[in-house]
Amino acid sequence: MSQIDTKFGESKILRTVPYEEGFHFTTEKGVNTGITARSLSDFAEKLETINVNSIMFHYSRGDFQKWIHDKLGDKALSNQMCFVEPGSSGEKVRKQLLRMVQKRLTELHKPQ
1 MSQIDTKFGE SKILRTVPYE EGFHFTTEKG VNTGITARSL SDFAEKLETI NVNSIMFHYS
61 RGDFQKWIHD KLGDKALSNQ MCFVEPGSSG EKVRKQLLRM VQKRLTELHK PQ
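Using my numbering, you'd call the opening residue of the sequence shown number 1 and step up by one each time.
Heads up, a few of these hints could be off.
List time: in silico DMTMM-like cross-link candidates among lysine to aspartate or glutamate, alpha-carbon distance up to 20 Å [unchecked claim]:
| id | residue 1 | residue 2 |
| --- | --- | --- |
| 1 | 66 | 45 |
| 2 | 75 | 42 |
| 3 | 71 | 45 |
| 4 | 92 | 45 |
| 5 | 46 | 20 |
| 6 | 110 | 42 |
| 7 | 46 | 91 |
| 8 | 71 | 10 |
| 9 | 12 | 70 |
| 10 | 95 | 20 |
| 11 | 75 | 107 |
| 12 | 66 | 42 |
| 13 | 95 | 45 |
| 14 | 66 | 10 |
| 15 | 92 | 28 |
| 16 | 92 | 63 |
| 17 | 75 | 10 |
| 18 | 46 | 21 |
| 19 | 92 | 48 |
| 20 | 71 | 42 |
| 21 | 110 | 10 |
| 22 | 103 | 91 |
| 23 | 46 | 63 |
| 24 | 29 | 63 |
| 25 | 103 | 10 |
| 26 | 103 | 45 |
| 27 | 103 | 42 |
| 28 | 66 | 28 |
| 29 | 71 | 20 |
Now the in silico label distances, taken between C-beta atoms and shown as ranges [what the hints assert, rightly or not]:
| id | residue 1 | residue 2 | range |
| --- | --- | --- | --- |
| 30 | 111 | 60 | 32 to 42 Å |
| 31 | 53 | 111 | 31 to 41 Å |
| 32 | 29 | 106 | 19 to 29 Å |
| 33 | 111 | 31 | 35 to 45 Å |
| 34 | 34 | 110 | 28 to 38 Å |
| 35 | 15 | 48 | 15 to 25 Å |
| 36 | 89 | 18 | 32 to 42 Å |
None of these hints come from the bench; they were simulated from the model. Just so it is clear, the structure is predicted and the values come from calculations on it, not from any experiment. Virtual Cβ for every residue (Gly too), placed ideally from N, Cα, C.
Make the full structure from the sequences, and use the hints.
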């Protein structure tokens, strides 16, 4: 994954966004779950416990990738998230996405 060129880019990715710009998890029927992630670390925490059907619904539509790209400004992670193993079960998708997000958080928190 590419490194961040500036501290501004890193801080943008790690920041907490306003509630309105957070990732609002919904069910596969489009019903709001009441769970919202407002930062990348918050997203990782929510990803661990959110219903797997919600994960599959959002992942199949590219919602996670779009939010991470558009709201957090992390093009590298957004692009990487497109490469979950095809045909994976819900729990496997959860684990793969979580691993990617946690690895990215570790990279961003490393002193440069």
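Hints versus structure:
no. : hint                    : result
1   : 66 with 45              : holds (19 Å)
2   : 75 with 42              : holds (18 Å)
3   : 71 with 45              : holds (18 Å)
4   : 92 with 45              : holds (16 Å)
5   : 46 with 20              : holds (17 Å)
6   : 110 with 42             : holds (18 Å)
7   : 46 with 91              : holds (14 Å)
8   : 71 with 10              : holds (13 Å)
9   : 12 with 70              : holds (11 Å)
10  : 95 with 20              : violated (27 Å)
11  : 75 with 107             : holds (14 Å)
12  : 66 with 42              : holds (16 Å)
13  : 95 with 45              : holds (12 Å)
14  : 66 with 10              : holds (18 Å)
15  : 92 with 28              : holds (18 Å)
16  : 92 with 63              : holds (18 Å)
17  : 75 with 10              : holds (12 Å)
18  : 46 with 21              : holds (16 Å)
19  : 92 with 48              : holds (12 Å)
20  : 71 with 42              : holds (14 Å)
21  : 110 with 10             : holds (11 Å)
22  : 103 with 91             : holds (18 Å)
23  : 46 with 63              : holds (15 Å)
24  : 29 with 63              : holds (15 Å)
25  : 103 with 10             : holds (14 Å)
26  : 103 with 45             : holds (13 Å)
27  : 103 with 42             : holds (14 Å)
28  : 66 with 28              : holds (17 Å)
29  : 71 with 20              : holds (11 Å)
30  : 111 with 60: 32 to 42 Å : holds (37 Å)
31  : 53 with 111: 31 to 41 Å : holds (39 Å)
32  : 29 with 106: 19 to 29 Å : violated (35 Å)
33  : 111 with 31: 35 to 45 Å : holds (43 Å)
34  : 34 with 110: 28 to 38 Å : holds (34 Å)
35  : 15 with 48: 15 to 25 Å  : holds (21 Å)
36  : 89 with 18: 32 to 42 Å  : holds (34 Å)
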